[in-house]
Every structure is written in structure tokens, then in C-alpha cells.
Amino acid sequence: MEYLVASSVGLMTAAGVYLLLRGRTFTVLLGLTLLTYAINLFLVSTGRLATNQADILSETQKNYTDPLPQALVLTSIVISFAMTAIFLAMALRGYFESGNDEVNASDAEDAIARKRK
Amino acid sequence: MNHWIILPILLPAIVAPLLALAVRHDIVLARVFSVGSTTLLLLLGLYHLNMADDGVTRTYALGGWPAPFGIVLVVDRLASLMLLLTAALGLCVQLYAINGWDKRGQHFHPLFQFQLMGINGAFLTGDLFNLFVFFEVLLIASYGLMVHGGGPDRMRAGLQYVTINLLGSTIFLLALGLIYSVTGTLNMADFATKVPGVASTDRAMLSVGGVLLLLVFSLKAALFPLQFWLPGTYSQAPPPVAALFAIMTKVGAYSIIRVFSLAFGESAGPFAWLATPWLMPSAAITLAVGMIGVLAARSLSQQASFSVLGSVGLMFIAIAAFTPQSISAALFYLIHSTIGIAALFLIVDMIIARRVGAGDALTVSRRFSNQGLIASLFFIVAVAVAGVPPLSGFIGKLLILDSLRSIRGGYWLWGLILCTSLMAVVGFAASGSKVFWKSLSVAEPLRSPRQLPFALPVVAIGIMITSLVLLTALAGPVNSYLDSTVEQIFNPQQYINAVIVPAPENTQ
Numbered sequence: 002m003e004y005l006v007a008s009s010v011g012l013m014t015a016a017g018v019y020l021l022l023r024g025r026t027f028t029v030l031l032g033l034t035l036l037t038y039a040i041n042l043f044l045v046s047t048g049r050l051a052t053n054q055a056d057i058l059s060e061t062q063k064n065y066t067d068p069l070p071q072a073l074v075l076t077s078i079v080i081s082f083a084m085t086a087i088f089l090a091m092a093l094r095g096y097f098e099s100g101n102d103e104v105n106a107s108d109a110e111d112a113i114a115r116k117r118k
Numbered sequence: 054m055n056h057w058i059i060l061p062i063l064l065p066a067i068v069a070p071l072l073a074l075a076v077r078h079d080i081v082l083a084r085v086f087s088v089g090s091t092t093l094l095l096l097l098g099l100y101h102l103n104m105a106d107d108g109v110t111r112t113y114a115l116g117g118w119p120a121p122f123g124i125v126l127v128v129d130r131l132a133s134l135m136l137l138l139t140a141a142l143g144l145c146v147q148l149y150a151i152n153g154w155d156k157r158g159q160h161f162h163p164l165f166q167f168q169l170m171g172i173n174g175a176f177l178t179g180d181l182f183n184l185f186v187f188f189e190v191l192l193i194a195s196y197g198l199m200v201h202g203g204g205p206d207r208m209r210a211g212l213q214y215v216t217i218n219l220l221g222s223t224i225f226l227l228a229l230g231l232i233y234s235v236t237g238t239l240n241m242a243d244f245a246t247k248v249p250g251v252a253s254t255d256r257a258m259l260s261v262g263g264v265l266l267l268l269v270f271s272l273k274a275a276l277f278p279l280q281f282w283l284p285g286t287y288s289q290a291p292p293p294v295a296a297l298f299a300i301m302t303k304v305g306a307y308s309i310i311r312v313f314s315l316a317f318g319e320s321a322g323p324f325a326w327l328a329t330p331w332l333m334p335s336a337a338i339t340l341a342v343g344m345i346g347v348l349a350a351r352s353l354s355q356q357a358s359f360s361v362l363g364s365v366g367l368m369f370i371a372i373a374a375f376t377p378q379s380i381s382a383a384l385f386y387l388i389h390s391t392i393g394i395a396a397l398f399l400i401v402d403m404i405i406a407r408r409v410g411a412g413d414a415l416t417v418s419r420r421f422s423n424q425g426l427i428a429s430l431f432f433i434v435a436v437a438v439a440g441v442p443p444l445s446g447f448i449g450k451l452l453i454l455d456s457l458r459s460i461r462g463g464y465w466l467w468g469l470i471l472c473t474s475l476m477a478v479v480g481f482a483a484s485g486s487k488v489f490w491k492s493l494s495v496a497e498p499l500r501s502p503r504q505l506p507f508a509l510p511v512v513a514i515g516i517m518i519t520s521l522v523l524l525t526a527l528a529g530p531v532n533s534y535l536d537s538t539v540e541q542i543f544n545p546q547q548y549i550n551a552v553i554v555p556a557p558e559n560t561q
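Just so you know, the sequences run in chain order L and P.
Under the working numbering, the first residue of the first sequence carries the number 2, and numbering increases by one thereafter.
Under the working numbering, the first residue of the second sequence carries the number 54, and numbering increases by one thereafter.
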């Protein structure tokens with residue numbers, strides 16, 4: 002299971018960074034989303050991976066899974082959800098105001114200049 | 054428990070939704086509520102400063118849960134000083150913004166209050182994850198403020214600002230995850246006690262976590278090589294918002310001082326001074342980049358944005374030296390540069406509003422209304438920001454230079470600081486003479502298209518200049534307060550004892 006979790010965190014981070022470096026807002030958004038997924042999975046694993054364990058310590062149950070990272074992940078999911086919504090709203094407004102969805106200003110200016118010709 | 058401690062967070066948190074929901078259609082009422090709230094925050098800041106002056110570190114356990122299990126807020130001299138500075142800056146900027154900026158888009162005042170809430174929370178919290186949450190609060194509000202008023206250029210700059218900060222938040226979470234997985238805690242004081250005893254197999258993970266944390270705070274503070282977002286953002290943001298953002302880079306500086314003095318300071322064993330080898334070179338380069346930018350800028354708002362970078366660089370040179378004397382000098386310069394640069398942005402906005410056609414471009418253009426008064430305001434603030442006598446910038450720079458005497462390679466830094474000061478002086482002199490002086494020779498003056506509000510903006514800028522003058526005149530008392538602040542910073546054990554051993558009334 003360690004291998005599965007570690008490789009999926011790594012793969013999602015790699016894909017996220019690649020998409021983040023693209024020039025258009027939608028792919029950047031996808032990249033950010035993938036990155037937050039990777040981080041959320043990583044946060045779950047910081048409490049050590051355990052299956053079929055209760056998240057409370059009791060006298061009969063000596064093995065337990067740490068509940069705190071799960072609470073952290075929940076907070077981080079909520080925040081990243083809100084951030085995605087804000088990013089999407091701003092990207093849409095930027096698209097309507099400037100007529101293209103380029104992230105980089107100089108490229109976008111070039112595009113506007115091309116359109117005018 | 055002293056409930057006053059949580060009020061700087063609660064008050065804006067209550068006022069902001071009230072503004073957004075109940076009084077959003079009545080701008081006058083919104084202004085009254087918003088200015089009232091910020092004034093109360095200023096009084097609260099004074100109260101906290103007075104309270105913290107006895108040198109006791111006070112804590113507030115949220116929900117009565119004692120640390121390290123619950124989240125605690127911590128007030129000491131440093132935190133209360135930052136609270137007061139935030140509220141004072143907020144009030145000045147707000148007085149300026151109600152000249153009409155707040156009507157150019159929706160929800161200026163609620164976002165402003167949320168911004169203050171996030172900043173206050175970041176200064177007060179004693180928990181790393183809570184620090185992340187307050188960073189997000191202040192960032193979400195700043196996204197809204199950044200694109201206030203709209204326009205394609207501003208939207209695109211805002212989008213880049215959001216992207217870089219979302220990436221920063223991701224790295225912040227990564228750092229927190231690493232720190233939690235090694236030490237099992239996110240409470241700053243508890244974390245500090247666990248750092249020296251970390252098993253040698255886990256040391257690499259904790260170092261990575263610590264350096265990632267440094268990376269995130271440097272991103273907020275706009276240190277090289279993470280400074281690229283700042284000039285574009287600040288010069289595209291509405292100038293009053295850019296003035297408020299003057300405190301945002303200081304949130305990064307505060308977090309670095311707080312976390313790295315506490316957890317990675319003298320007593321951290323193998324992790325002692327984890328940040329120092331990275332901070333000094335990047336601070337020096339930031340200073341150089343900022344001042345070269347001041348010299349090369351093509352518009353006044355660009356010049357002001359680059360002077361933010363320069364001030365961050367200078368401040369971080371003193372922070373990176375990490376001696377009691379240098380941190381005290383850095384804090385003095387922090388207070389000065391926050392107020393000075395905010396005033397500069399506000400003056401730039403007054404110029405943009407009046408100089409129709411040329412805007413804030415550094416070109417010779419026709420004279421505009423109130424040019425004489427605005428020119429003298431610009432002159433005073435430029436003197437302060439460039440760090441020339443007689444204003445507080447000079448004293449701050451002098452204190453920093455003096456504190457670098459004992460540092461190895463300090464004389465190289467002396468050379469750098471003095472050269473960049475000269476560049477700042479030349480840059481501001483050139484822009485001032487182009488915009489104000491040479492424009493006098495152009496025959497026809499501009500007539501402003503509409504009646505521009507004048508009294509309130511000048512009052513706001515006047516208050517800021519007065520406080521700079523006061524900071525200069527009262528440099529002695531301020532400095533002795535800062536020295537005792539630094540004494541507290543360099544005694545992390547006092548902070549740890551205050552947080553971890555719960556006072557009797559906290560346990561109930």
C-alpha cells in the first residue's frame with residue numbers, strides 16, 4: 002500500500018506541475034487541482050498508513066490510526082475547493098474582459114495584436 | 054482567560070458579513086461601519102501594546118482546550134506591535150479609499166475587513182496549521198481586493214497572483230505534513246521543544262519541512278528568487294489596495310522571525326539556524342533587484358512596487374544576521390517602510406487621478422491641479438522611502454548598518470546598502486523632476502475633468518507623514534521598546550513556558 006500511495010502522490014504532483022506550466026487558465030486550474038489532490042493524499046499518509054483501525058485509543062485496542070491528519074485534510078479540501086471556485090470565477094471574468102484565456106500577459110498582448118492585424 | 058486577545062480577529066469577522074449582507078446597498082453606512090471597526094481595531098492594538106508591555110506572554114486557548122491539544126492565540130510584544138501597525142495602516146488606507154475607490158467595484162469594505170481579520174489572525178496564532186488557515190483568509194480577501202475595479206490588465210495580474218499563491222499554499226501544506234509526520238505536533242511551542250530531539254533518521258525530513266516553510270514565507274515576503282510576482286501585482290492593483298498590501302510582505306517577515314527564532318534558533322541542536330545560509334544572499338539580491346527596478350521603472354506605480362522589494366531586501370539583510378541588535382533594527386525599519394511605502398502608493402494614486410492622459414508614466418506632461426502640494430508630499434515621502442536624512446528611513450538604515458558591524462562580510466553589505474541607497478535617491482529624484490519639475494515648463498495646465506475629493510486623501514497621507522515624523526522624533530523610546538521586544542524573541546523558553554504550561558483558569 003505504501004508503494005501505491007507514494008507513486009500516486011508522485012504521479013499526481015508530476016502531472017500537476019506539468020499542467021501548471023501550461024499557458025492557458027483551464028489547464029493551470031486542472032494542474033492546481035491535481036496538486037491539491039496529491040497534497041491531500043500526502044497529508045493523510047503523514048499520520049502513518051493503517052487499514053481497518055479505529056481512530057481512538059482504548060484499553061483493548063492498542064493499534065489506532067491518527068485522526069488529526071484526517072481533520073487537517075478535511076480543512077484543506079474545503080479551502081482548496083473555495084480557492085478553485087475563486088480561481089475559476091476570476092479566470093472567467095478575465096476571459097470575458099480580455100477575450101482570451103492566456104495566463105501570461107505578454108503572450109496575451111501578442112494575441113490581441115495578432116487579432117487586430 | 055483574557056477575552057480581549059481574540060477580539061482583533063472576532064471584530065472584523067463579525068463586521069465583514071454584516072457589511073456584505075445588511076448594508077451593501079448603502080455606501081455611507083458601509084463606510085461608517087467599516088471605519089468604526091478599523092478604529093476599534095486601532096484602540097484594541099493600543100490596548101494590546103499596553104498589555105504586552107509588562108513582558109508577560111499571554112495566551113488564549115480557543116474553546117478552553119489547553120495547548121498542545123487545542124489551538125492557542127499568543128500575544129507578546131512582537132504580536133501586539135504588528136497588530137497596532139496593521140490597524141493604523143488599515144485606518145489610513147481606508148480614510149483614503151473612501152474618496153471613491155470603494156465605489157468602483159462591489160464589496161470593498163467587507164473584503165477589507167476580512168483582510169484585516171486574516172492579517173490579525175496570522176499575527177496572533179500560536180499554531181502552524183492555524184497560521185495556514187489565516188494565510189488563506191487574508192489571501193482570499195486579497196484576491197478580491199486585488200481585482201477591485203476590474204479591467205483586463207488587472208484581471209490578468211490578479212490571475213497570476215492567485216496562481217502563485219495557490220502554489221504557495223500547496224507547498225505550505227507539504228511543509229506542515231512533513232513537520233507533523235516527524236514531530237507529531239503543529240503547535241509552535243510544542244514543535245520547538247520537539248525539534249532538538251528528533252531521531253537522526255528523521256532529520257532529513259524535518260530539514261526539508263523547515264526549508265519548505267522558509268520558502269513559503271519568503272514567497273509571501275517576496276524574497277529573491279520568489280519576488281517575480283510582486284512588481285506586476287502591486288503596480289496593477291488599485292493603489293489604495295497596494296498600500297494595504299505593504300503589510301502583507303511583513304506577514305512573511307513576521308512568520309520567519311516567529312517560527313525560525315522559536316523552532317530553528319539557538320537551542321534547536323542539529324537544526325540551529327536552519328534559515329541563515331539561505332536568507333542572507335537572497336536578501337542581498339532582493340535589495341539589489343528592487344533598487345535597480347526603482348532606477349529603471351517606467352511608471353510611478355512600478356517604481357513604488359520595486360521600492361517595496363528594496364525595503365524587503367534591506368529588512369531581510371538585518372533579519373538574516375539574526376543578532377538581537379539587527380532584529381531590533383529590522384523591526385524599526387519594518388514599521389517605517391510599511392507606512393512610508395503605503396503613503397507612496399496613495400500619492401501615486403492622487404497623481405493618476407489628476408494627470409489625465411499621462412497617468413503615472415514617467416514622462417514630461419502638462420501640469421495638473423494641486424501639483425504643488427502633491428509634489429511636496431511626494432518629496433517628503435520619497436525622502437523617507439529612500440532613507441535620506443532627516444526622516445525615519447535614515448535612522449532605520451543607520452541602525453541596520455550599525456548592527457552589521459559584527460557580522461562576517463558585513464562591510465560588503467555596507468557597500469551594497471550604501472550603493473542601493475544612492476540608486477534609490479537617483480531614481481526618485483529623476484521621477485520627481487520629470488513628473489513635477491520639468492512639467493512646469495509645459496505651457497497649458499491640465500484641467501481636471503471632475504471635482505476630485507481632496508480633503509480626506511490629504512488628511513490620510515498627512516497622518517502617515519506625521520507618524521513618520523513622530524517615528525523619527527521618538528526613535529529613542531521606540532527603539533527601547535523594540536529592544537525589549539527582541540529580548541522576548543531571543544528567549545523562546547518564555548514563549549514555550551507560557552503556551553505549554555496552562556494557566557489555572559485555562560484548564561477550568
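FYI, nobody ran anything at the bench for these hints, they're computed from the structure.
Treat the hints loosely; a few may be bogus.
[What the hints assert, rightly or not] Restraint ranges, calculated between C-beta atoms of paired labels, are given here:
(1) P:S320 <-> L:F82: 24 to 32 Å
(2) P:L115 <-> L:N101: 45 to 53 Å
(3) L:L75 <-> P:D255: 24 to 32 Å
(4) L:L22 <-> P:G529: 48 to 56 Å
(5) P:W331 <-> L:L22: 23 to 31 Å
(6) L:S8 <-> P:H56: 47 to 55 Å
(7) L:T85 <-> P:D79: 29 to 37 Å
(8) L:L50 <-> P:I224: 19 to 27 Å
(9) P:T376 <-> L:A7: 38 to 46 Å
(10) L:L42 <-> P:L523: 50 to 58 Å
Here a beta-carbon is modelled for each residue, glycine too, at the ideal position from N, C-alpha and C.
Cross-check of the supplied hints:
1. P:S320 <-> L:F82: 24 to 32 Å: Taking Cβ atoms as reference, S320 of chain P and F82 of chain L lie about 40 Å apart, which means the hint is violated.
2. P:L115 <-> L:N101: 45 to 53 Å: The hinted range 45 to 53 Å holds for L115 of chain P and N101 of chain L, with Cβ atoms some 46 Å apart.
3. L:L75 <-> P:D255: 24 to 32 Å: holds (26 Å)
4. L:L22 <-> P:G529: 48 to 56 Å: Since L22 of chain L and G529 of chain P have Cβ atoms about 52 Å apart, the given range 48 to 56 Å holds.
5. P:W331 <-> L:L22: 23 to 31 Å: holds (24 Å)
6. L:S8 <-> P:H56: 47 to 55 Å: holds (49 Å)
7. L:T85 <-> P:D79: 29 to 37 Å: Check passed, 33 Å falls within 29 to 37 Å.
8. L:L50 <-> P:I224: 19 to 27 Å: Since the Cβ atoms of L50 of chain L and I224 of chain P sit about 23 Å apart, the hinted range of 19 to 27 Å holds.
9. P:T376 <-> L:A7: 38 to 46 Å: Distance hint for T376 of chain P, A7 of chain L holds at roughly 42 Å.
10. L:L42 <-> P:L523: 50 to 58 Å: holds (53 Å)
Violated hints amount to a single one, hint 1; each of the other numbered hints is respected by the structure.
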